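The opening position of the sequence shown corresponds to residue 1 in UniProt numbering, with each subsequent residue numbered one higher.
These are computed hints drawn from the structure, not numbers from a lab. What you are looking at is a predicted structure, and each value in this text was computed from that prediction instead of being measured. Hints are not guaranteed to be accurate.
[Said to hold, decoys possible] With a straight-line Cα cutoff of 20 Å, these simulated DMTMM-like cross-link-like pairs (lysine to aspartate or glutamate) come out:
| hint | residue 1 | residue 2 |
| --- | --- | --- |
| 1 | K467 | D403 |
| 2 | K179 | D189 |
| 3 | K122 | E71 |
| 4 | K211 | E71 |
| 5 | K90 | D403 |
| 6 | K179 | D309 |
| 7 | K126 | E185 |
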Amino acid sequence: MSTKNPTTSPLSEVEHIKARSRLLRGTLAESLADPLTGAIAPADTQLIKFHGSYQQDDRDIREERRQQKLEPAYSFMIRTRLPGGVCTPKQWLALDELARTHANGTLRLTTRQAFQLHGVLKTDLKRTIAGINATLLDTIAACGDVNRNVMCNPNPVESRAHEVVHQWTVRLSEHLRPKTRAYYEIWLDQEKVAGVEEEEPIYGPTYLPRKFKAAIVVPPLNDVDVYSQDLGFIAILEAGEVVGFNVVVGGGMGATHGDNATFPRLADEIGFIRPEQLLEVAENVVKVQRDFGDRTNRKHARLKYTIEDRGIAWFVSELEKRLGYTLQPARPVVFEHNGDRFGWIQGHDGRWSLTLFIESGRVADREEHRLLTGLREVARVHKGDFRLTPNQNLIIAGIAPEDRPAIEALLETHGITRTQRASPLRKNALACVALPTCALAMAEAERYLPDLVGLLETRLAAHGLEKENILLRITGCPNGCARPYLAEIALVGKAPGRYNLFLGGDKRGQRLNRLYRENIDEAGILAALEPLFAAYARDRQPGEGFGDFTVRTGHVAPPGAERGAPTARA
1 MSTKNPTTSP LSEVEHIKAR SRLLRGTLAE SLADPLTGAI APADTQLIKF
51 HGSYQQDDRD IREERRQQKL EPAYSFMIRT RLPGGVCTPK QWLALDELAR
101 THANGTLRLT TRQAFQLHGV LKTDLKRTIA GINATLLDTI AACGDVNRNV
151 MCNPNPVESR AHEVVHQWTV RLSEHLRPKT RAYYEIWLDQ EKVAGVEEEE
201 PIYGPTYLPR KFKAAIVVPP LNDVDVYSQD LGFIAILEAG EVVGFNVVVG
251 GGMGATHGDN ATFPRLADEI GFIRPEQLLE VAENVVKVQR DFGDRTNRKH
301 ARLKYTIEDR GIAWFVSELE KRLGYTLQPA RPVVFEHNGD RFGWIQGHDG
351 RWSLTLFIES GRVADREEHR LLTGLREVAR VHKGDFRLTP NQNLIIAGIA
401 PEDRPAIEAL LETHGITRTQ RASPLRKNAL ACVALPTCAL AMAEAERYLP
451 DLVGLLETRL AAHGLEKENI LLRITGCPNG CARPYLAEIA LVGKAPGRYN
501 LFLGGDKRGQ RLNRLYRENI DEAGILAALE PLFAAYARDR QPGEGFGDFT
551 VRTGHVAPPG AERGAPTARA
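Start from the sequences and build out the full structure, keeping to the hints where you can.
Put into structure tokens, the structure is as follows:
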């Protein structure tokens, strides 16, 4: 247990910015009105995250513009708050139009089941956010030191239990949403309510020490990677009905190269609760982190470090003290896998859902594969809804049997059907955005993924492994936005063209992988994996996944040794 006392250490600069912000207002209104720059004031770049946006610039041309004595090519990314990833066809069409009118002409589906618009100029920022709100969506709390988009299994038509879980996801998102009126004043021109003293009853005036992520999952599918979340709820079903939830706390994927005090961690399972206790438990987990999280070092500010430093027993005791009752023992849970199920699935109500593979979640028109246009045409006739998966794919949900042929015809006409014939490796792969817009990226991810997968497909085919469902994830930095530390094979950017190679995650999202090779280039990646592919083809056991094989054969450390492995409460 750490002896560090954050309350006696100097606060980080971001904490001072939040404290001075007047509940997230800062000088955002003045920054947006400044015609002399495409950027906003430095302090406002922190505050705008709480409103669902990041200031970025095109790093591909940064040096060229510097030599021309021009400021960087600033633009903004906007992210939606979309609980469980569900939107209507009308909302899809509105976002499509905003992407083509004010952004870079693409939509991106994220690993948190949200939309991102990229390349929005400052002059278009306010009208774009207002346009999103006009569709009855919003962007508040999609980023920043608050609870972000709440995830859940994205196919409620599958069963009544999935519908119930999605309802709880929406309620949890609303309950933990910041209560400040700043968002509505700045982006929607609503008047400040005179004489009303504002407060944040859950977050307080300085919000959380760092971002906070929550998810709800229905076994046996762990597509939300529930053990990677700060707070997770695992639905427990009896006779098809949700009778309660197991609670898990303290997961997180972020780390920093060369800093051993930072690390990915899997959440601890701490007990079982009834459905009506969910909001109260969630609120008090957030409040414990609000009061005890590290506000001096943002690299050490997530809930996982609060628990790692003080111990899970301390955390449970503090939580139960605030709740006024003891959590029940966790119920048995079995997960089968954490990927998506592609293709057509018929729900309990007779309607169909189609899960489409979307490479890196990028909805764009590329040559004969007109994904953006095709899905726009689908949205114009679809009577159900759209559901973004936690793995950057898309479900066209709630299709009546008589409407299925029309949907299939549109997908075929726009070349989308052909993209669905991709290999299992390509369909399972995740990538973060990385270069050129992410300020933290050290290497390529989304732009490199297609070529990397092509190289690995060739090597797998040479060993007869082309049909294996191997989970690959790549990120441009170690912050973990595509949950790389749970993958069977992961590449984490170290420098341009160089990556750390991790191996040994499992298909259930319940085991962290391990560093296998450090700071290697493409040739080094292929050289490291080639003998493992050969050995896997030759020596695997029936049904054994690649990650399980690397652990069993000793290529990576055995399970149970990683920090923060999920454990049941004694």
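These are the hints, each one checked on the structure:
1. K467 x D403: Cα-Cα ~31 Å, so violated.
2. K179 x D189: holds (17 Å)
3. K122 x E71: Given that 20 Å is the threshold and the Cα spacing comes to 14 Å, the pair holds.
4. K211 x E71: With a Cα-Cα distance of about 30 Å, the restraint between K211 and E71 is violated, given a limit of 20 Å.
5. K90 x D403: holds (18 Å)
6. K179 x D309: Status violated; Cα separation ~30 Å.
7. K126 x E185: holds (11 Å)
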